[in-house]
Amino acid sequence: MKKIGFSFGGLSVAGYGLLMALANTACGMSPLLHHADSVDGVIPTQSGSANDSVGERTSACEWSFPTVGLCAHHVWMKEPDRENEGSFRLVFFKPDQPTIAVEPSSVSNTASVFVKLWMPEMGHGSQKVVTIPAKDAQGANLPGEYDATEVYFVMGGTWEIHIQLKDASGNVLDSAKINYTAK
Amino acid sequence: MRQFFALLILPFIFSGNAAIAAPCCAGASTLPSLITGDEAQNFSAAFSYGTVVGDAFGALDGRLPELRDDHSNHEVRESLTLNYATLMTDRFQVGASVPVVGNQITAGSRSDSKILLGDVSFTVGYEALPEWEYSVWKPRIFTFFQGVLPTGKSVQVSESPLGTDVAGLGQWQTNVGAAAIKRWSVWDAALVVKLGRLYSQTFESSLNGVARVGGSWGWSASLGGGYSFGDFFRAGASLEPQYQSPQEVSTSVTTSMTSQKLVWNTNLTATALIGSDSSLVLGYSDQTLFGPAINTTLARTFSLSFQQRFER
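Taken in order, these protein sequences are the chains called A and B. The opening position of the first sequence corresponds to residue 1 in my numbering, with each subsequent residue numbered one higher. The opening position of the second sequence corresponds to residue 184 in my numbering, with each subsequent residue numbered one higher.
Certain hints may be false.
Listed next, the stretches of chain A that the computed footprint assigns to chain B, with coverage defined by at least 3 CB atoms under 8 angstroms from CB atoms of chain B [to be verified]: (1) 121 to 132; (2) 155 to 168; (3) 172 to 182.
Partial chain A-side listing against chain B, Cβ under 7 angstroms, derived [to be verified]: (4) R82; (5) E83; (6) N84; (7) K116; (8) W118.
If you're looking for bench data, these hints aren't it; they were derived computationally from the structure. Cβ coordinates follow ideal geometry from the N, Cα and C atoms, glycine included.
Here chain A stands alone, though its shape is the one from the complex:
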């Protein structure tokens, strides 16, 4: 039985052992709930699906920034789950040259790339994503590539991954989003 980190008036220590055990019984019968790991075909068994682009790096224009004339796609370096943070590599490119990374600041007044996680049906976000320029093995910046780290979805469901390109004053030059299903 899991230890309770706090209690009110000793009740959770002295008198609530049985109640805690029962309340913790997540395997109790429920006509409403399905097991997340079930294979009955009702619950999607694939976690972490962002459109069709999860896994291999593709040249798909996942995020489109028409104002600055760029696209972006991402590659998960570590996909997050309910227990762990994840991270992904974000690559900007021109739509007609999908294999060449392009630094947003070279084609616009972009000073920073901002990533935000948003759960639209709940109306709230998750923890702050740290976005830094990606570096190669020698520590040199990789133009047009950014690493989004500390990616964590506080709960399962349908999320949006928003990317904003901001100028030095913090004004949003362009923004785009994709959907992501967190298990």
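Following the hints, put chain B in place on chain A, whose structure we already have.
What follows is chain B alone, placed relative to chain A:
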């Protein structure tokens, strides 16, 4: 008669505290702090312990509710709620409810717990249909107005990645409702309905930036009954759906409509008089037995409530 109402009203007090809402979800209870017996004042302290066992997704998500199979994740909600109500005249009364909420969430190697003040509420009640003499069919009816203060920390201003610091909706809220109570010998029944308005609010936090959460409507109802074993024990059950309409949420990044929220609480109670003016209620509330459930976490909650009455 006095003993009967002492037994009957306690589940109302309990019910309001038993179903603790998810940090991100509607939390209004159907029943406010209200005197429905013959006493002049009453005070109650209710402790509840609940565990989130599943998730119901938004209306557009398309997935059915899921059980949380992963036992490395635990979400525990505790609350201690103090309720007080007093008659101002024979039929007018006022009351207040102060909840203290404790959240403990573990997700793999991450763990955090916090205790915070929840959304404080006050109530003005009026006995619209007293029972001066016994009627086979006519119930006692109480009407009430409830105001909810935004004292609980909202998910919009949460600074905790796990959401352990979320203790309420953080929005002003007003509710109106009515409670009808009737008994026949050892059997009794109660129906409570409540209509509420949640008012728009702008939040600012380092995590979410500025977010404006629009207003929404909500309703809840509770239909239940009970059986009294002699003068000192009662067993009761009730079914309590709670609904909240979608809200528009605007941030610097996006403007979106949330999904509607719907959850069904199944409440079981066992009440015992422990003196002429005191009672204990043991309760169990389950949000996984009836549906549909939409856009909410699903919890099972145990509660223990003590009530002290002060006679006229």
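Tested hints:
{"no.": "1", "hint": "121 to 132", "in the structure": "holds (count 8)"}
{"no.": "2", "hint": "155 to 168", "in the structure": "holds (count 7)"}
{"no.": "3", "hint": "172 to 182", "in the structure": "holds (count 3)"}
{"no.": "4", "hint": "R82", "in the structure": "holds (6 angstroms)"}
{"no.": "5", "hint": "E83", "in the structure": "holds (3 angstroms)"}
{"no.": "6", "hint": "N84", "in the structure": "holds (6 angstroms)"}
{"no.": "7", "hint": "K116", "in the structure": "holds (5 angstroms)"}
{"no.": "8", "hint": "W118", "in the structure": "holds (6 angstroms)"}
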